[in-house]
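Those protein sequences? They're chains A and B, same order as listed.
Going by our numbering, the first sequence opens with residue 208, and the numbers climb by one from there.
Going by our numbering, the second sequence opens with residue 291, and the numbers climb by one from there.
Hint data in this document are derived by calculation from the structure and do not stem from the laboratory.
Glycine is no exception: its CB is placed at the ideal position from the N, C-alpha and C atoms.
Hints are not guaranteed to be accurate.
To be verified - A few chain B residues facing chain A, derived, Cβ under 8 Å: (1) SER348; (2) LYS431; (3) ALA434; (4) ALA509; (5) TRP570; (6) PHE611.
As the list claims (entries may be wrong) - Per the computed footprint, the stretches of chain B lying under chain A, defined by three or more beta-carbons under 8 Å from a beta-carbon of chain A, are: (7) 407–417; (8) 553–565.
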Amino acid sequence: MSRNSSSEESTVIARLRRALAPGAVLSEREDIKPYECDALTMHRELPLAVVLPSDEAEVAAVLELCHEAGVPVIARGAGTGLSGGATPRSDAVLMSLARLSRILEVDPHARIARVQPGVRNLAISEAVASHGLYYAPDPSSQIACTIGGNVAENSGGVHCLKYGLTVHNVLAFRVATIEGEVLAIGAGALDLPGYDLLALLTGSEGLLAVVTEVTVRLIPKPECARVILAAFDSIVTAGGAVADIIAAGIIPAGLEMMDRATIAAVEPFVRAGYPLDAEAILLCESDGTADEVQEEVVHMEEVLRRAGATECRVSRDEAERARFWAGRKAAFPAVGTLAPDYYCMDGSIPRKCLAAVLEAIREMESKYGLRCANVFHAGDGNLHPLILFDANVPQQAARAEAFGGEILELCVRHGGSITGEHGVGVEKLNHMCVQFAGRELEVFHGVKRAFDERGLLNPGKAVPTLRRCAEFGRLHVHAGQIPHPDLPRF
Amino acid sequence: MRVTEELKSLGERIRAAATQRRALRIRGGGSKDFYGAAPQGELLETTHLTGIVDCEPSELVITARAGTALAAIEQRLTEHGQMLAFEPPRFGERATIGGAVASGLCGPRRAYCGALRDFVLGVQIIDGRGDLLRFGGRVIKNVAGFDVARLMAGSLGTLGLLTEVTLKTVPRPKAECTLQFELDQPLALERMSQWAARPLPLSATAWHGGRLLVRLSGAQAAVRAARQALGGECLEGAGEYWEALREQRLEFFDAAQPLWRLSLPAHAPPLTSGDILLEWGGALRWLRGSVDVDGVRALASRFGGHATLFRACTKPPEGPFHPLSPSMLALHRRLKAVFDPQGLFNPGRLYPTL
Ligand SMILES: Cc1cc2nc3c(=O)[nH]c(=O)nc-3n(C[C@H](O)[C@H](O)[C@H](O)COP(=O)(O)OP(=O)(O)OC[C@H]3O[C@@H](n4cnc5c(N)ncnc54)[C@H](O)[C@@H]3O)c2cc1C
Numbered sequence: 208m209s210r211n212s213s214s215e216e217s218t219v220i221a222r223l224r225r226a227l228a229p230g231a232v233l234s235e236r237e238d239i240k241p242y243e244c245d246a247l248t249m250h251r252e253l254p255l256a257v258v259l260p261s262d263e264a265e266v267a268a269v270l271e272l273c274h275e276a277g278v279p280v281i282a283r284g285a286g287t288g289l290s291g292g293a294t295p296r297s298d299a300v301l302m303s304l305a306r307l308s309r310i311l312e313v314d315p316h317a318r319i320a321r322v323q324p325g326v327r328n329l330a331i332s333e334a335v336a337s338h339g340l341y342y343a344p345d346p347s348s349q350i351a352c353t354i355g356g357n358v359a360e361n362s363g364g365v366h367c368l369k370y371g372l373t374v375h376n377v378l379a380f381r382v383a384t385i386e387g388e389v390l391a392i393g394a395g396a397l398d399l400p401g402y403d404l405l406a407l408l409t410g411s412e413g414l415l416a417v418v419t420e421v422t423v424r425l426i427p428k429p430e431c432a433r434v435i436l437a438a439f440d441s442i443v444t445a446g447g448a449v450a451d452i453i454a455a456g457i458i459p460a461g462l463e464m465m466d467r468a469t470i471a472a473v474e475p476f477v478r479a480g481y482p483l484d485a486e487a488i489l490l491c492e493s494d495g496t497a498d499e500v501q502e503e504v505v506h507m508e509e510v511l512r513r514a515g516a517t518e519c520r521v522s523r524d525e526a527e528r529a530r531f532w533a534g535r536k537a538a539f540p541a542v543g544t545l546a547p548d549y550y551c552m553d554g555s556i557p558r559k560c561l562a563a564v565l566e567a568i569r570e571m572e573s574k575y576g577l578r579c580a581n582v583f584h585a586g587d588g589n590l591h592p593l594i595l596f597d598a599n600v601p602q603q604a605a606r607a608e609a610f611g612g613e614i615l616e617l618c619v620r621h622g623g624s625i626t627g628e629h630g631v632g633v634e635k636l637n638h639m640c641v642q643f644a645g646r647e648l649e650v651f652h653g654v655k656r657a658f659d660e661r662g663l664l665n666p667g668k669a670v671p672t673l674r675r676c677a678e679f680g681r682l683h684v685h686a687g688q689i690p691h692p693d694l695p696r697f
Numbered sequence: 291m292r293v294t295e296e297l298k299s300l301g302e303r304i305r306a307a308a309t310q311r312r313a314l315r316i317r318g319g320g321s322k323d324f325y326g327a328a329p330q331g332e333l334l335e336t337t338h339l340t341g342i343v344d345c346e347p348s349e350l351v352i353t354a355r356a357g358t359a360l361a362a363i364e365q366r367l368t369e370h371g372q373m374l375a376f377e378p379p380r381f382g383e384r385a386t387i388g389g390a391v392a393s394g395l396c397g398p399r400r401a402y403c404g405a406l407r408d409f410v411l412g413v414q415i416i417d418g419r420g421d422l423l424r425f426g427g428r429v430i431k432n433v434a435g436f437d438v439a440r441l442m443a444g445s446l447g448t449l450g451l452l453t454e455v456t457l458k459t460v461p462r463p464k465a466e467c468t469l470q471f472e473l474d475q476p477l478a479l480e481r482m483s484q485w486a487a488r489p490l491p492l493s494a495t496a497w498h499g500g501r502l503l504v505r506l507s508g509a510q511a512a513v514r515a516a517r518q519a520l521g522g523e524c525l526e527g528a529g530e531y532w533e534a535l536r537e538q539r540l541e542f543f544d545a546a547q548p549l550w551r552l553s554l555p556a557h558a559p560p561l562t563s564g565d566i567l568l569e570w571g572g573a574l575r576w577l578r579g580s581v582d583v584d585g586v587r588a589l590a591s592r593f594g595g596h597a598t599l600f601r602a603c604t605k606p607p608e609g610p611f612h613p614l615s616p617s618m619l620a621l622h623r624r625l626k627a628v629f630d631p632q633g634l635f636n637p638g639r640l641y642p643t644l
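Given these sequences and hints, build the entire structure.
Written out as structure tokens, the structure reads:
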């Protein structure tokens, strides 16, 4: 027996069953349970059904059918999203793209790979490694997350300071609209006629269309890479050093920061040899030819020391480089051992504000009575404060959420954004009201309608309704002013 | 968001035009008047919207009002040891940054460093209702809301009046060297492709008339090593060549015949008819002379690319840009309507019905 017995719903499920291969439609509770949430686990709901199409035609068929029946559809890759972009709804079909997992073409000559959306990020680099190439964006979740999810979130990674985000590394998409029509967006040339829909679709959180194929750009693997581990006796000095590196005209291949709490948590895990007495460390990487790296590392070290580094260690070989990075890579799980729960925030700010914002977060720790570990993409100004709490202690979860919210508002005040790379999903709908005024939100809804008139693709995510913002009471009132009050409206 | 007198009066003009349903022709310095279909409507100029709002070396970001001269922006960045990576063509001294973003055109470095749209971080626009809106921001990573800022790149002013733009900048390379090779077109394409697959500091390539020029930019050591790997001596005065290529002042661009811009996958086969100039490792191909509109378009489509009639005395009725499929055109029209419901801005400039 299916969980939903309402006749309309069961007809949709029956029709989906007829349209797809046997076993591609799940509706039994125990079968759909694994899909009840993504990595934002506090939001859970069982979907109406889970469908597992195995090619583009089936994806289009599911969409067409659901569109006709007026049933919402939510796309899902690997479910590693941290903002609830793939959180199900009880009235919606959850469409997993996991079975579209083939690498369709690798052309080392043209330096491109054409892949289905369910291909894992790392699988692309592995498949092209023998040609000396790789796919640059490398989210920490890269062993699991899919390229379709990366496109939907415009994901970044440790190396995106130098090599760009997803949007900078994709050349073409095929997408299926909610009506089940397949569109080709670009085809491998460096630009496309008309509006740049490639850019518009990237980061659209599955609200505009379902990505059925992605052509990615591959780049040659650098000959050599070395990383500097620089220690600082204050987080403010470390923040200043980040700005100094960039101002010196250096674009490191990676520039990451970890604070004292994080260092203390990871060191027992990985024995990376991090200085435990440091208030903050920076990992600053250089890549390129051996000579180039040599030249750049000297320059980087000079800037870091001048900025107040108390110690600089340059990796001597690949093993040591891997060890220095191991701590950064293990940081989230390691911090996870410090408290029963943690809440991972994701805001971005201009680099020059790093020191001030980190200081302010320090002060908020005592205000909320919760600790916060900081490990983040410093070079990009992309913060990932990890707020530690215990969900079993009354009020702590709510306090953690309030703490996170205040951090995001602080980011906006400093000219930054409420999300650098994790997306809005369901998590940050309220904070969108802080960053955007009503008219801009209306434009987002308009863009959504231009693709999906009836609002059936991943509804209720990414863009809050104006009503929700009014209820939240934060319709982007900045410094006591309503946005451009002098401009009358239609 | 500071609302200046200029912004207010621009908003009022747009509202008045909306009430009277008058088309508006948005213009910066007019340097790209030739680009796209003939501009129509009452002139709406950004010449008073000038000035660099913010430019801090540690941020690698510049914010400027849309009417600011591209030259002024580039000069300021040079002072900071920075530049616009995509080397936007100016096509005249009056070119503005707003016009550069709206046209979306990129210069020689594009294939190796990214397109203009890759560097757009934020925009402020006035839409077809006369409302001042802001999308994106001043930070490099920002995934809040749809990426409307990047959508503006190359939209040719059909979605709104750009009033302010924020772009990411890059440090100027420390060393630069241009190598020259005598090669025919097929071999030049092959070489450019082989070299691009190696970790070499390529920053521009151009081939015309049996001569391939390759620019290397980066750290001293990287440029030196690449020069040795590729062979050849650094060409004297190459800076002028790249500048002339970017500004289309080379002799190739002089003639009166139509100039086609073909954007193709770099590995598309060599073109065999007409006078050809290659850039971007073969991904950008300028074709001089052909008047066979359908033939050129079919050729570009066959290889997965598109063709723009870039400069011509007469433009075809379907417009200079590669026609869109009916569904894509319909989608474009729905998007246009979101920003400009009455179709005030630059009607027909991008596509006849847009
Ligand atoms: C431990 C951990 C570390 C992480 N590190 C990083 C990091 O370093 N950088 C970073 O940017 N992110 C990081 N993330 C977040 C997450 O991995 C990325 O957002 C990733 O891109 C999500 O991919 P996914 O396949 O899991 O997508 P899902 O979570 O399944 O879906 C994410 C969104 O994409 C949509 N979607 C999925 N597939 C498609 C499709 N084919 N077409 C249209 N829409 C689709 C969904 O509807 C949803 O809105 C991390 C997450 C975890 C758990």
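Hints, one by one, checked against the model:
no., hint, in the structure
1, SER348, "4 Å, holds"
2, LYS431, "4 Å, holds"
3, ALA434, "5 Å, holds"
4, ALA509, "5 Å, holds"
5, TRP570, "6 Å, holds"
6, PHE611, "5 Å, holds"
7, 407–417, "holds (count 3)"
8, 553–565, "holds (count 5)"
Hint check: no violations occur; every hint is consistent with the structure.
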